[in-house]
Amino acid sequence: KFLLFQLLATALSAGVLPKELPKQGADDVSTNTCPPGWELEGSSCYFFGLEDIHGGNWESSKSYCASLTSSPFITGQLVSIHSQEVNDFIASKTPVYVWLGLHQPVGHLVPRWSDMSPVDHLNWAPGEPSMQDGWCARINPNLPSSGNWITRTCTGTYRVICRTLPMQLPATLPPPTALNEEGTTSP
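-18 is the number of the first residue of the sequence shown in the numbering used here; add one for each residue after it.
Rather than coming from a laboratory, the hints here were simulated on the basis of the structure. This structure is a prediction, so every number in the text was calculated from the model and none was measured. A virtual CB, placed ideally from N, CA and C, is assigned to each residue, including glycine. Certain hints may be false.
Quick list of the computed label-pair ranges, beta carbon to beta carbon [stated by the list, open to error]: (1) P107 to T138: 18 to 26 Å; (2) W105 to T12: 32 to 40 Å; (3) E163 to H63: 50 to 58 Å; (4) P99 to E22: 14 to 22 Å.
Lysine to any residue pairs mimicking SDA-like chemistry, simulated, CA-CA at most 20 Å apart [unchecked claim]: (5) K74 to S111; (6) K74 to W19; (7) K74 to G18.
Produce the entire structure from the sequences given, and follow the hints as far as they go.
Right under this line is the structure:
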């Protein structure tokens, strides 16, 4: 299964992670498969790096997520959140502060996700964002603000949640095609 995941991953083009996978038709039967150690939720795979060994500053955490996938075409990213449902899912799995992929580099006027997806959902804690620029966002695990986002300098050390797309594997593979003596298929 892992080898098939790697082979299919190399067939994808490099680029920005889309927010969601295309919807399947009623006749399309496939299985979404995540890399080993990742959890499938909706149309994304998540890696919850909540132990001490998974912590670091924002840049090293971003690199850590990228290192978790074995294909140059499917990359792990710090988690980007595009709906309240995903935010609630992440918050329910997060007992410690973790980096989000949302940041506002020094000199930029607007925040952006590290995977370059659109910033179309925000869940700031009251009074946030509290920094003008040069900040990174983390998710708050503490009640009553659980799931709200807080800005911090990007040099702090927090844990990670990574996101990538699952591979869509067909439920069944077509039978191999027999070749004739010339090495072509017979009609």
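Evaluation of the provided hints:
In this structure the hint that P107 and T138 lie 18 to 26 Å apart at CB holds, the actual value being about 25 Å. Checked against the hint of 32 to 40 Å, the C-beta distance between W105 and T12 comes to roughly 37 Å, which is consistent with it. Separated by about 52 Å at the C-beta atoms, E163 and H63 satisfy the suggested range of 50 to 58 Å. The given range of 14 to 22 Å is respected by P99 and E22, whose C-beta atoms sit roughly 20 Å from each other.
Taking the CA atoms of K74 and S111, the gap is about 25 Å. The hint is violated against a cut of 20 Å. Restraint check for K74 and W19: the C-alpha separation of about 13 Å stays at or below 20 Å, so the hint holds. This hinted pair checks out: K74 and G18 have alpha carbons roughly 15 Å apart, not beyond 20 Å.
In this structure, only the earlier hint numbered 5 is contradicted, and the remaining ones agree with it.
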